[in-house]
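Please construct the entire structure, taking both the sequences and the accompanying hints into account.
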Amino acid sequence: MGRTLIEKILSSHGGGECGSGDVIWLEIDNRTARDFAGASVVANLERYGGDDPVADPGKTFFTFDCNVPANTIPYADNQQRIRNFARSRGLKVYDVDAGIGSHVVIEDKYGKPGTTTVGTDSHLNIMGSVGAFGQGMGDVDIAFAFKTGKVWFEVPPSVKVTLEGMPARGTEAKDVALAMLGRFREHELLGKSVEIYGPWADQATLSDCITLSSLATEMGAIIALIPPNDNVLKYFGMDRDEAVYADPEAVYEGEHILDIDGLAPMIAAPPSPSNVHPASGMADVKIDGVFIGSCTNGTYEDLKYAAELLTGRKVAPGVMLKVVPATRAAWSRLLSEGHLKTIFDAGGIVSNAGCGGCASGQIGMTGTGEVQVSTSNRNFRGKQGKGETYLAGIGTAVASAVMGSIATVHDLPEVQA
Amino acid sequence: MNGEMVLRGRLWVLKQDGRLFSDIDTDMIYHNAHLAVTETEKMGQYAFGNLEGYQNFADMAEPGDLVLAGDNFGSGSSRQHAVDCFKALGVQAVAARSFGAIYKRNAINSGFPIIELPGLPDGTFTHHAMAELDLMEGTLTSGDRSFRGNPISRVARDIYIAGGLFQYAETLKGGR
Ligand code: SF4
Chain A
1 MGRTLIEKIL SSHGGGECGS GDVIWLEIDN RTARDFAGAS VVANLERYGG DDPVADPGKT
61 FFTFDCNVPA NTIPYADNQQ RIRNFARSRG LKVYDVDAGI GSHVVIEDKY GKPGTTTVGT
121 DSHLNIMGSV GAFGQGMGDV DIAFAFKTGK VWFEVPPSVK VTLEGMPARG TEAKDVALAM
181 LGRFREHELL GKSVEIYGPW ADQATLSDCI TLSSLATEMG AIIALIPPND NVLKYFGMDR
241 DEAVYADPEA VYEGEHILDI DGLAPMIAAP PSPSNVHPAS GMADVKIDGV FIGSCTNGTY
301 EDLKYAAELL TGRKVAPGVM LKVVPATRAA WSRLLSEGHL KTIFDAGGIV SNAGCGGCAS
361 GQIGMTGTGE VQVSTSNRNF RGKQGKGETY LAGIGTAVAS AVMGSIATVH DLPEVQA
Chain B
1 MNGEMVLRGR LWVLKQDGRL FSDIDTDMIY HNAHLAVTET EKMGQYAFGN LEGYQNFADM
61 AEPGDLVLAG DNFGSGSSRQ HAVDCFKALG VQAVAARSFG AIYKRNAINS GFPIIELPGL
121 PDGTFTHHAM AELDLMEGTL TSGDRSFRGN PISRVARDIY IAGGLFQYAE TLKGGR
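In order, the protein sequences belong to chains A and B.
If you read the first sequence in this note's numbering, its first letter stands for residue 1, the second for the next number, and so on.
If you read the second sequence in this note's numbering, its first letter stands for residue 1, the second for the next number, and so on.
This list has only true hints and no planted wrong ones.
Only some residues are given here: those of chain B computed to face chain A with a beta carbon under 8 angstroms:
no.	residue
1	Ala156
2	Leu165
3	Leu172
Beta-carbon label-pair distances, calculated as ranges:
no.	chain 1	residue 1	chain 2	residue 2	range
4	A	Gly165	B	Thr124	48 to 56 angstroms
5	B	Ala33	A	Thr72	21 to 29 angstroms
6	B	Lys42	A	Arg81	26 to 34 angstroms
7	A	Asp230	B	Met136	46 to 54 angstroms
8	B	Ser146	A	Gly21	18 to 26 angstroms
9	B	Thr40	A	Ser88	24 to 32 angstroms
10	A	Asp202	B	Thr38	46 to 54 angstroms
11	A	Arg83	B	Glu170	22 to 30 angstroms
12	A	Gly58	B	Thr124	47 to 55 angstroms
13	B	Gly143	A	Gly361	54 to 62 angstroms
14	B	Met5	A	Gly50	27 to 35 angstroms
15	B	Thr40	A	Arg81	24 to 32 angstroms
16	B	Glu39	A	Arg83	27 to 35 angstroms
17	B	Ala33	A	Gly369	27 to 35 angstroms
In case anyone wonders, no lab produced these hints; they're calculated from the structure.
Note that CB positions come from ideal geometry on N, CA and C, so glycine has one too.
Set out below in structure tokens:
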């Protein structure tokens, strides 16, 4: 019988002939912990392992992506505790300058197609973007992964989603992801490994794939796997036969078709990522701020597009535009190519590489009554502060910043030459 | 509880309105008011302290008891206390039609046996009767009644025999 993509990856990492429902010991290629929960991982290792080394220092590292540089003393304490531990065990730390861990894992090509990665970040299933396994877990499980190089995992059921047709011009990966959230909500894909097929997935850039897979968590899915297309293979310098794909005769628990032909920009209104509507027709929603960045929409390509749309335009008076590149490498390239200057000249604020938009202590926070358009992935009440957060793609975020109310790229006035 | 594969004990059949109690969440098992407790021994007194009809469970439970519930046992938060409170009382295992995903992870990691009995009809088993739970077979038996569910997985067995996830890590030393 044929196997699905996740079954093939897990089988080749210790699962043997595994299928849905089997509980397996899974060999982990890359084990990471971030600054959130990383100190608890260290505490577990010290409690249970004393001075023991970790299983494989070359495949085990810390990433500081949440509070960078630390902006409270407890965070600084935790980060220093991690650094000291890492030094004593010879582990690499991607320190406060490096950016979001999940992106760094892809950028530095640890997270190649077909590999397995675990860490304390609930969005590590972003590895699905390159046809690899990734999963966020608790500090006990991750400490165990550091110590032994494995975790146990229950093979999830697989479903196949075929995206039919091509979205309209001016529609982005985020809009496709939001369309999926609007269709499947939080329950239909709950606990599933989702494989994405169709013409859009075949031509998506790595950045597009990252955006789509980063929203698997909000869909309740274990992971959204995109079989590596030519763009992704090229990035890793791999051939098709070096990557992992589902068997043609693989059996899925369910198959869904979602028509995205001619799809227009979408937006998720508070209070949940699945409260999705077309972004046009919301012009009466006045906004106070825009956040561009996060593991969902913080790549070089995303911010370059934002800068292009801002060229010759200005952020509306009274609106804050906060921009956070996901990684130092993205920052560097945006800097040298002049895109950060464009964003600055348009009235934007550019912050250091990292998460930036999600939790208390970061720069995406809102106050009571504040309305924000954000390119990140969560808009639950209280998550980013007391205000109202709308989730959208780069085009809608920039257009809203320029217009001062929710708008799409199609609403942007022509730039005067 | 030294890695026994057949557990014998008195069965608590948790019921609500005459049916197996479903959707018992972690607040009903171990209320968040007591999360500051860190020693396992002190957690027992709060077990089911917030579960309607079973608030006196901690006083009435005896070491060796088994617990039976309906669907989705342990949904809700990730607190480990909701597993450890049973270990503190000497409760040997929980069987249920299904478990919340995080609860399942926590129970397995802590070496506490749980057995899934999907489709178990209401009224199969009698409250406080003696029962036998066979982990390898996934079977619950009491008197002339028996129901077969899912056997314990290899992984859960490895961790259970070792006595917990990190104890299992010790057994890997040298062998790998
Ligand atoms: S950007 Fe937000 S959701 Fe993404 S990894 Fe960082 S904290 Fe998590």
